[in-house]
Amino acid sequence: MNVFRLALLNVLALRRRLVGLVVLVAVAGAVCLSALGIAARAEGSTTSQVGESVGNRSVTVDSPQDRPDLAQLTRGAEARMARIPHVRSVQHRLQVSMPVRDNPEGADLLYATTVRAALAPPVVRAVRKNLFPLRKGEVVFPASTHGVDLGAMVGRTVTVDAHRFVRPGVGDTVSDRVRVVGTYDPSWQIEGPDAAYADDASVVRWAAAAAGKSPAEYLRTSGWDQLTLVADSSAHVPGVLGAVQRMDYPAVTLQQQLRALPGVLELVKVTGRVLLGVLGLLAFTGAVTVTGALARQRAQEVGILKAVGYRSRTVLGLLVAEMAVAGAAAALLGVVLAVGVTAAAAAGLRGVGDVAPYVPDAVPLPPLPAVALLALLTVAVVGAGAVLPARRAARMSPTDAMKDW
Amino acid sequence: MAGHRGERKVSETALNTLLAAHAVSTSYTLRGRRVDVLTDVDLAVAPDCVTALVGHSGSGKSTLLHVLGLLTAPDSGRVELEGRDTTGLSDDALADLRRRRIGFVFQSFNLLPQHTALTNVALAYAGRRRAGEARARALLERVGLGDRCEHRPGELSGGEQQRVALARALVNEPPLLLADEPTGNLDAGSEAVLLELFRELADEGHGVLVVTHDQAVADAADVVHRLDGGRPAVADRGRSRAGSRGRGRS
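The listed protein sequences derive, respectively, from chains A and B.
Going by numbering that gives the first Met the number 0, 69 is the number at position 70 of the first sequence; the sequence numbering is gapless.
Going by numbering that gives the first Met the number 0, 191 is the number at position 192 of the second sequence; the sequence numbering is gapless.
FYI, nobody ran anything at the bench for these hints, they're computed from the structure.
C-beta: ideal position from N, C-alpha, C; glycine also.
Among the hints, a few may not be true.
As the list claims (entries may be wrong) - Just a sample of chain A residues kept apart from chain B, beta carbon distances all over 10 Å, derived:
#, residue
1, N1
2, L8
3, A12
4, G19
5, V22
6, E42
7, S52
8, T156
9, L266
10, Q299
11, G308
12, L332
13, L367
14, V370
15, P397
To be verified - Computed, partial: chain A to chain B, Cβ under 8 Å:
#, residue
16, R4
17, L5
18, L7
19, L13
20, K128
21, A242
22, Q244
23, K305
24, V307
25, S311
26, S396
27, M401
Said to hold, decoys possible - Computed beta-carbon distance windows for the label pairs:
#, chain 1, residue 1, chain 2, residue 2, range
28, B, D35, A, G19, 52 to 60 Å
29, A, R312, B, R129, 54 to 62 Å
30, B, R30, A, G276, 44 to 52 Å
31, A, L331, B, E203, 44 to 52 Å
32, B, E81, A, G276, 52 to 60 Å
33, B, D186, A, R16, 41 to 49 Å
34, B, Y27, A, G19, 32 to 40 Å
35, A, V273, B, D35, 54 to 62 Å
36, B, E154, A, D399, 24 to 32 Å
37, B, E154, A, R4, 57 to 65 Å
Construct all of the structure, not just a fragment, from the sequences and the given hints.
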C-alpha cells in the first residue's frame with residue numbers, strides 16, 4: 000500500500016489523538032499570521048507614515064532675516080538647494096499680513112501663507128475635492144480663529160488689503176478680491192494660528208507690495224521666509240542637513256528632535272519577528288512532543304509494519320508524512336482562524352479613531368505568498384518535529400517494538 | 000530433534016528445504032549475567048507440510064521463530080531461506096524478504112486497530128493499491144470473512160481477527176508461513192478452522208511453521224520439532240506420532 004495513502008488513513012483514524020496537536024499548531028499559526036499581518040501593517044505604516052514620511056525626510060531652513068550678512072532664501076538659493084544630492088523637492092513658504100476688509104464674521108486680520116505640499120493643512124470644509132494646489136485668487140481660512148467661526152465664509156468672496164510701502168512715512172493700500180474655497184482644522188498651527196492659505200503668486204504679490212517691490216525683485220532680494228527640503232529617503236537627511244549648513248543657512252530637522260524614532264521603528268519590526276520565532280518554536284515543540292508520545296504509543300504498530308516487511312525508512316516516511324498531513328490540516332485551520340482573528344481585530348481597530356486610517360482592509364492578513372509560505376513552513380516545522388521521534392521508532396527492531404505494545 | 004509422520008515426508012524434507020537454521024544460538028544479558036535462549040539449534044521447514052515447534056514456556060520457541068522469520072539476528076549460526084544464507088543481509092534486504100517470502104501470524108493477531116480488515120490485509124501488499132485491495136478482498140473471502148471487510152479488529156471475534164491476520168500473512172503469496180501460538184487466544188471452533196486453513200496452505204505448497212504448546216496443533220502437524228531449554232530435544236522418530244492421527248501423506 001502506498002505510504003502516503005496509509006499516512007492519510009492513519010491520520011483520519013487517529014484524528015482524535017491528533018486533534019490536540021492540530022489545534023495547538025493551528026492556534027499558533029493563526030496568532031502568528033494575525034501578528035504578522037498586523038505587524039506588517041504597523042511596520043508599513045510606521046515606515047511610510049513616520050519613518051519615510053515627508054516630515055521625517057525634511058530639512059527646514061529659516062530665512063536669516065536678522066543676519067543681513069547672509070544670503071536670503073531667494074530663488075537662487077532655492078535653486079542651489081534643489082541641486083544638493085538626494086534632495087527630492089524644495090518647498091517654500093512665505094507669509095504676509097492680510098487684513099480682511101469685508102469680513103462679516105469679524106475676524107479681520109489673517110496671515111496670507113503659501114502652501115507647502117509637504118505640510119498642507121487638514122481641510123475640514125471645501126467647495127471641491129483636492130483643493131491644493133490653490134488656483135489664483137483662492138484662499139483657505141482656519142475654521143475658527145480667536146473664537147470666531149469662519150465656516151460660514153466658505154464659498155464667499157471677500158476683499159483683502161495689502162498695505163503698500165512707498166517711502167518712509169508714506170504708503171497706500173492694494174486691495175484684491177479673493178474667494179474662500181475652504182477651511183482647515185484650526186488646531187493645525189504649523190504656520191501660526193491665523194494663517195490663511197493662498198496661492199503662491201498672490202502671496203508674493205502682497206508681500207512684495209508691502210515691501211514696496213515688484214514680485215520679481217522681492218523674490219530676488221528678500222526671498223522666502225522658509226524653505227523645506229525633502230530628501231529622497233530618511234537615511235539621506237543628515238547629509239542634506241550638513242550640505243545646507245555648509246551653505247551657512249540655519250537648518251533643523253525633525254529627526255534631530257525625534258532621535259528615538261529609528262529605534263522605536265526597529266523595535267516594532269523586531270517584536271514581530273520575535274513573536275514569529277516564539278510561535279514557531281511552540282509549534283515545533285508541540286510537534287516533537289506529540290509525535291514522540293504517538294510514536295511511543297504506536298511502538299507495536301511500528302513493529303508490526305516492520306514484521307510484515309516495511310523498511311525502516313518507509314516507516315520513518317510514514318510517521319513523518321502523518322505529521323505533515325496533520326501539519327497541513329493545522330495550517331489550513333490556522334489560516335481560517337487567522338482570517339477570523341484579523342477581521343475581528345481590524346473591526347476593533349477601525350473603532351479607534353487615530354488607528355482607523357491605518358487599517359483599511361477588512362482582513363489585514365499578510366500578502367498571499369507570505370500566507371502560503373507560512374503554511375508551508377508550518378507543515379515543514381511539524382514534519383521536522385516528527386523526524387527524531389519517528390526515526391527512533393523506525394529504528395527499533397520489530398521484535399522489540401512489538402514487545403513494547 | 001524431530002518426529003515425523005513417515006519416511007517419504009522425511010526424504011522430501013531433506014531434498015527440498017524451504018527454511019533452515021544451522022547451529023543457531025542467541026542469548027541476552029540480565030544484570031550482568033549471560034542467559035542463553037537458544038543453543039546450537041538446527042531446524043528445517045519443508046514446503047507442502049505443516050511443521051510444529053513445541054516446547055514448554057520459556058524454552059525459546061518464540062525467539063527461534065523470530066530468528067527464523069528474520070525479525071532478530073542470531074548471535075551465531077545461520078538461517079537459510081530458500082537456500083540463501085541471510086547472514087549479513089542489510090535491514091532493507093531482510094525487510095524485503097519478510098515482505099515477499101514470509102508471512103507472519105501472531106498469537107495476539109497484531110492487527111492495526113484503527114484500520115478495517117481490508118486495509119489491514121492490503122497494507123502489507125507489495126504491489127499497486129487496486130491490485131492489493133482486490134487480493135485482500137479475495138483472501139478475506141477465502142478465510143470466510145468476505146462480508147467483514149470493512150469491520151475494524153475491535154468489531155471482530157478473536158477467531159475472525161486471527162483469520163484476518165492469516166489473510167494479511169498471505170497477501171504477497173509467500174512460500175513460508177510462520178505462526179506464533181496462533182490458536183492461543185482462540186476457542187476450539189476457531190482453532191479447528193485455522194488448522195484447516197493451515198492444512199490447505201500446506202497442500203497448496205506453502206511451508207507452514209507453527210509454534211505451539213497446544214497438543215492438538217502439534218498433533219495436526221506433519222513434522223514436530225521440540226525445544227527444551229533452548230536446545231533441541233532428543234528426537235523420538237517412531238513413537239506414537241507416526242500415523243497417530245489423520246493425514247498420512249505417504
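To see whether the hints hold, each was checked on the structure:
1. With a minimum CB-CB distance of about 6 Å to chain B, N1 (chain A) fails to clear the 10 Å threshold, and the non-interface call is violated.
2. The Cβ of L8 (chain A) sits about 6 Å from the closest Cβ of chain B, inside the 10 Å cut-off, so the non-interface label is violated.
3. Once the 10 Å rule is applied to beta carbons, A12 (chain A) is inconsistent with being away from chain B; the minimum gap is 3 Å.
4. The claim that G19 (chain A) lies off the interface holds: its Cβ sits roughly 17 Å from the closest Cβ of chain B, which is beyond the 10 Å cut-off.
5. The claim that V22 (chain A) is not at the interface with chain B holds, since no C-beta of that chain comes within 10 Å of its own (minimum 20 Å).
6. Once the 10 Å rule is applied to beta carbons, E42 (chain A) is consistent with being away from chain B; the minimum gap is 46 Å.
7. Even its closest Cβ contact with chain B, about 59 Å, leaves S52 (chain A) beyond 10 Å, as expected for a residue assigned away from the interface.
8. For T156 (chain A), the requirement that its beta carbon stay farther than 10 Å from each beta carbon of chain B is met, with the minimum near 86 Å.
9. Every C-beta of chain B lies more than 10 Å from that of L266 (chain A), the closest at about 49 Å, which supports listing it as non-interface.
10. Residue placement check: Q299 (chain A) does not keep its beta carbon more than 10 Å from all beta carbons of chain B (closest about 7 Å).
11. With a least CB separation of 2 Å from chain B, G308 (chain A) falls inside the 10 Å interface cut-off, contrary to its annotation.
12. With a least CB separation of 22 Å from chain B, L332 (chain A) remains clear of the 10 Å interface cut-off, as annotated.
13. The claim that L367 (chain A) is not at the interface with chain B holds, since no C-beta of that chain comes within 10 Å of its own (minimum 35 Å).
14. Listed as outside the interface, V370 (chain A) is consistent with that label: its C-beta sits roughly 33 Å from the nearest C-beta of chain B, beyond the 10 Å cut-off.
15. Non-interface status of P397 (chain A) relative to chain B is broken: a Cβ of that chain comes within 10 Å, the nearest being about 5 Å off.
16. Of the supplied interface hints, the one on R4 (chain A) holds, with its beta-carbon coming within about 7 Å of a beta-carbon of chain B, less than 8 Å.
17. Because the beta carbon of L5 (chain A) sits about 6 Å from the nearest beta carbon in chain B, less than 8 Å, this interface hint is met.
18. Hint status for L7 (chain A) relative to chain B: violated, with the closest Cβ pair at about 11 Å, above 8 Å.
19. Using the Cβ-Cβ criterion of 8 Å, the hint placing L13 (chain A) at the interface with chain B is satisfied: the shortest such distance is roughly 6 Å.
20. Here the hint on K128 (chain A) is broken, as its CB sits about 66 Å from the closest CB of chain B, past 8 Å.
21. The restraint placing A242 (chain A) at the interface with chain B is violated, with a minimum CB-CB distance near 72 Å, outside the 8 Å limit.
22. The closest approach between the C-beta of Q244 (chain A) and any C-beta of chain B is roughly 76 Å, which is over the 8 Å cut-off, so the hint fails.
23. Among the interface hints, the one on K305 (chain A) holds; its C-beta lies about 7 Å from the nearest C-beta in chain B, closer than the 8 Å criterion.
24. The interface hint given for V307 (chain A) holds, since its Cβ lies 4 Å from the closest Cβ of chain B, which is under the 8 Å cut-off.
25. The beta carbon of S311 (chain A) is positioned within 8 Å of a beta carbon in chain B (closest approach about 6 Å), and the interface hint is therefore held.
26. Because the smallest distance between the Cβ of S396 (chain A) and any Cβ of chain B comes to about 6 Å, under 8 Å, the interface hint for this residue holds.
27. Hint status for M401 (chain A) relative to chain B: holds, with the closest Cβ pair at about 7 Å, below 8 Å.
28. Remark: the range hint 52 to 60 Å for D35 (chain B) to G19 (chain A) is contradicted by a beta-carbon distance near 46 Å.
29. The hinted range of 54 to 62 Å is not satisfied by R312 (chain A) and R129 (chain B), whose Cβ atoms lie roughly 25 Å apart.
30. R30 (chain B) and G276 (chain A) have their C-beta atoms about 48 Å apart, which keeps the hinted 44 to 52 Å range intact.
31. Here the CB-CB span from L331 (chain A) to E203 (chain B) is close to 49 Å, well matched to the stated 44 to 52 Å.
32. For E81 (chain B) and G276 (chain A), the hinted distance range of 52 to 60 Å is satisfied, since their beta carbons lie about 56 Å from each other.
33. Take D186 (chain B) and R16 (chain A): their Cβ atoms lie about 33 Å apart, and the range 41 to 49 Å is violated.
34. For the pair Y27 (chain B) and G19 (chain A), the beta carbons lie near 38 Å from each other, so the given range of 32 to 40 Å is met.
35. With their beta carbons about 60 Å apart, V273 (chain A) and D35 (chain B) fall inside the hinted range of 54 to 62 Å.
36. Restraint check, E154 (chain B) to D399 (chain A): a C-beta distance of roughly 29 Å satisfies the suggested window 24 to 32 Å.
37. Checked against the given bound of 57 to 65 Å, the beta carbons of E154 (chain B) and R4 (chain A), roughly 22 Å apart, lie outside it.
The earlier numbered hints that this structure contradicts are 1, 2, 3, 10, 11, 15, 18, 20, 21, 22, 28, 29, 33, 37.
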